[in-house]
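> Spelled out from the first residue to the last, the chains are:
Number of protein chains: 2
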Amino acid sequence: MLQQLNKEVLLKRREALEQVIKRRFIYQPAFSLYGGVAGLYDYGPVGCAIKTNIEQYWREHFIIEEDLFEIAATILTPEPVLKASGHVDRFTDLLVCDSKTGTGYRADKIVTETLENRIAKEGDKLAADVKARYLAVIKDVDTFKEDKMKEIIAELQIKALETGNDLTDPTPFNLMLPTIVGPSTKLPAFLRPETAQGMFLNFARLLEQNGGRVPFGAAQIGLGFRNEIAPRGGLLRCREFQMAEIEYFVDPTEKSTFKKFNKYINLEIPLLSRQLQAEAKQHQPFKMGDAVKDGIINNETLAYFMCRTYLYLVEIGINPVNIRFRQHQADEMAHYSSDCWDAEIEMSSGWVECVGLADRSAYDLNAHSTATGQKLQAARKFKVPQPRQVLQVILDKQKIGKELKKDGMALIKYVEALPDDEKQELSEYFQTHEDKVFNIDGKDLTLNRQLVKFEQKTMNVMEEKFIPHVIEPAFGIGRILQAIIEHSFNQRDDPQKTFFKFSPRVAPVKCSILSVVQSEEFDVVIQELTSSLKKLGISCKTDNAGVALGKKYARTDEIGIPFAITVDKETLTAQSVTLREIETTKQVRVPIVEVPRLILELSAGLILWTDVLTKYPLFAAKEEDA
Amino acid sequence: MLQQLNKEVLLKRREALEQVIKRRFIYQPAFSLYGGVAGLYDYGPVGCAIKTNIEQYWREHFIIEEDLFEIAATILTPEPVLKASGHVDRFTDLLVCDSKTGTGYRADKIVTETLENRIAKEGDKLAADVKARYLAVIKDVDTFKEDKMKEIIAELQIKALETGNDLTDPTPFNLMLPTIVGPSTKLPAFLRPETAQGMFLNFARLLEQNGGRVPFGAAQIGLGFRNEIAPRGGLLRCREFQMAEIEYFVDPTEKSTFKKFNKYINLEIPLLSRQLQAEAKQHQPFKMGDAVKDGIINNETLAYFMCRTYLYLVEIGINPVNIRFRQHQADEMAHYSSDCWDAEIEMSSGWVECVGLADRSAYDLNAHSTATGQKLQAARKFKVPQPRQVLQVILDKQKIGKELKKDGMALIKYVEALPDDEKQELSEYFQTHEDKVFNIDGKDLTLNRQLVKFEQKTMNVMEEKFIPHVIEPAFGIGRILQAIIEHSFNQRDDPQKTFFKFSPRVAPVKCSILSVVQSEEFDVVIQELTSSLKKLGISCKTDNAGVALGKKYARTDEIGIPFAITVDKETLTAQSVTLREIETTKQVRVPIVEVPRLILELSAGLILWTDVLTKYPLFAAKEEDA
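These protein sequence lines are chains A and B, in that order.
The first sequence begins at 1 in our numbering and counts up one residue at a time.
The second sequence begins at 1 in our numbering and counts up one residue at a time.
If we strip away everything but chain A, and leave its shape as in the complex, we get (with noise of 0.2 Å):
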């Protein structure tokens, strides 16, 4: 039976895990010898290793059993595409300072902590209705426009946190980090505030390459940039962080099915839905596939990504207990969107997002249509004719051959061969206006009202244009990768002997190849032995110093490499070694040439550790010595 891992749990372990972060450089502070910079962490080998590896099972659990096609696209993105999506605009959090100082505060987060502190401060001495008022608008800050947030500061009197001095008029703050590419150009431009841009600016190409079919869909592993006021929370909040994303674009006449989703509609998930939450209550587990039949889920394409994502979690190892999926209050999702879930994992400091499925609807391809006039379009063909109200345009062409001469019949052409939202919008046109001027081979021709008639008519079509919808899955590396550790972490007896429990494809080193004591005779056996491993591409650390064994095992241990090799005496008569696997400390013995692909099975998940221990004979090893 899985235990959750609540937050007294994790915050009881907290300090000796920080302890191990920074003794064994999982990561760190960026530029800590100039200072430090807030918000900027640098990954040493273990946390880089483990980003690495849960990148890697991403491409495998989502991209390769998707088929989705993985792009790259740039950090740099221009202006005008941050305007038209919205960002330039309002991808902004409120901004107050300190009028003295300078020192800028996120405007929601300084009324949050001042209230919290006076609430600790003042304990059982605050009137109760104050109380009441605080929590309310702890609750609620974050959804504070300015006007609304200048009121409450004034009222509640919040003040900046080091002086005491009067704040600022809060004002929307842009979170991007602006740059100038160019030294004649000057182009203004951002870095990227998300990946998800650059797969719709490549939507039409992709399509191509899909053979015009939807769906299908995109995928980015990169960097995001956010340009926190005052980051705070470590690997949670950062500048500068790691994301995985999803775009997949789909019919919306066909997005409520999903084949696949067939297969998990007994799946059971801990839901926090808009209800539950609106009753107060807590997560539940339900049934995916009711979930979607009793309407809390959208759609099917929505609901199988949930899933996805789900089992993605748990695979590299975080608890399932310590997963749910929250739904946003209709107020919370942007406007476009229509159903929108949170995949949190509890921490020590709490519930964290840590994977956000939206459902775009078809707006960002809208946007982009809109300010380029491109039209990013897919088609819905019909296998038989399909009846369709289409608007037609009736054009009177003997007059216009009559004034156009050889030009008319250029003009005839071009109007009927107008796609069908032209025609519409032509049509709208002219109820407000007496010419059309169409250019036409560099030729400027001209269309009076009073030569065209619009009439519906149903016809019988092939296929016809849409935009596709986006379903978007967004994973942020950074805050899996903490919580992986967290859940990861543990403590022997000893609770200076610690381990991580880590997931054979999840762990940054896959074994460690020991010697019982040191000797020139192991040396050359574990020399070999790195050499095998190695050709196979699996990372492997070797220890053969002339300390005790315990003590290599705890190095390797406070790292969590999940298989030890312990070359012996039987070693060099018997061609075998030991194998131990870091959780239970048991131990096998297997012959030295069936090892490499062993621990190679291992690490990909092809095998388990049970597996190996009904095939080779237990070891019993002496008791590690300290």
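Bear in mind the hints are in silico, worked out from the structure with no lab data behind them.
There's no promise every hint is true.
Identical chains blur together in the list; that is why a pair holds if it fits in one copy or across any two.
Below are the DSS-like pairs computed for lysine-lysine, each with C-alpha atoms no more than 27 Å apart in a straight line [said to hold, decoys possible]:
no., residue 1, residue 2
1, Lys186, Lys150
2, Lys186, Lys83
3, Lys501, Lys535
4, Lys541, Lys263
Start from chain A and add chain B according to the hints.
Below, chain B alone, put in the same frame as chain A:
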């Protein structure tokens, strides 16, 4: 015998290749919807997968093999770091602008292009001495400083290319992209121009992970940015580019010997040494052991990484006879560098620098030490005590005790414990100063020069401190990818039938699964096979469309899928499929159950196609239909 793919051959293929790159979206200009931005490219699914694969193999070949510490440092880099590294002052190109329109040009490029145009246009009419003068300028123009460039532009009457207007005076333009971090601190920062600095800044942390010992290496795969003045040349000169860099830290007294170099002393690699260049000769193969012994390559550590680089390039599919290592001229190297070689690859645009291998000496660690006051050193430990000249500080303890009372002891203890280099600094300080104030435990204590004497003494020491030197192999991933694509591109007898002969580990998709004709029975087999391949993490593409098999092969050939599995009638009765290799188009018949493992081992380079041919019966295919 390997054929050299000389520039002419590559140029001839280039047009057909460009069409495939566009049609199959291997990579394409970024932001085309918005008119595009020079120097920015997006990798499509094929390009992105190749990029991922060559990075992954780089990890195996370098990081796992050499036990390097891979880290992931940030792209955002505060200004003081890049001031210390020299980039703020010296990472520049000379910029000239059209004096009327403001269009910017890189000075060396506009001079070169103008003179080349004149030579091409005037041909034989150009006087021999003028032509010689032009060629001499073209050869050296990229080394000219501001004044010299200004002279040349005036003398040779270089004007703006499009307008013929005068050019502004050449001024250094910094190639780093600037940004500002945070709203209140407004920290000036840049996007990193190389990944190297992140490794230098983490030197002390990594040294600790290595138990305080050198040599060890750090590695990083990530993006670098360069605000090119007017980028052209596709993936070869981008403003945002993927790099893979190693900083290998060595004891300078030990870098001339590198144990593992022994296995490569007989490896022959084409070198274009400084001397061969001086004699205007071509590159020629050298035994690497001899090249070091004869002083052509400065040390074994550098030579070892040249060998590993060469082997890496060949393994991922670069034609070995199109690789050479060109040594930098003395005046071409950074002043701190003792030797520097570029791995150049011949492409349709000529020889292109793809990997730089430099001995950076102690320059960077020194620079950051000086800027931050933090010592970035390692210790050399001796097995037996070594005699060393040590500066001894002799204090007049009595007088100090009298003057400072109990603080005197603290001062004496502190000064005697100063590290050697600080004793040296103190002795120099007292040559021009009377008093030195030490802050000890928060108290300012003053030492007068009269109370201290310095004496050089030979002592036996067990260790000494030193600043490690750095050997840096730096790979440009985009350039290498471009080279692989050019070298792998092939046309069959019908030049429309193109294919890429990728090494299986580099191939973007490992196998295709096709059916001879469209059939539901075949579909079931294809789905089962696909699912077992995906479980092993193998990327595959199915094609069960109702088109001729030859057409399906052509489609998978065009993106370089090395192996094609075909399901036919016999599959249903004999549970076997055919397996086809892309270059030879030979096919064998393989039991279905053995296919997934076979593809896995072929893709990982564990077995070769020739092994498959000996194990399975050849299948005589009917002629592929078009």
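> Each hint needs a verdict: does it hold in this structure or not?
Quick rundown of the hints versus the structure:
Proximity of Lys186 and Lys150 under a CA criterion of 27 Å is satisfied inter-copy only: 24 Å between copies versus 37 Å inside one chain copy. In the homo-oligomer, the alpha carbons of Lys186 and Lys83 lie at most 27 Å apart both inside one protomer (17 Å) and across protomers (23 Å), since each shortest distance falls under that limit. Taking CA atoms no more than 27 Å apart as the test, Lys501 paired with Lys535 passes in both settings, with 26 Å inside one copy and 23 Å between copies. When the C-alpha separation of Lys541 and Lys263 is checked against a cutoff of 27 Å, the pair qualifies only between copies, where the shortest distance is 22 Å, while the shortest distance within a copy is 41 Å.
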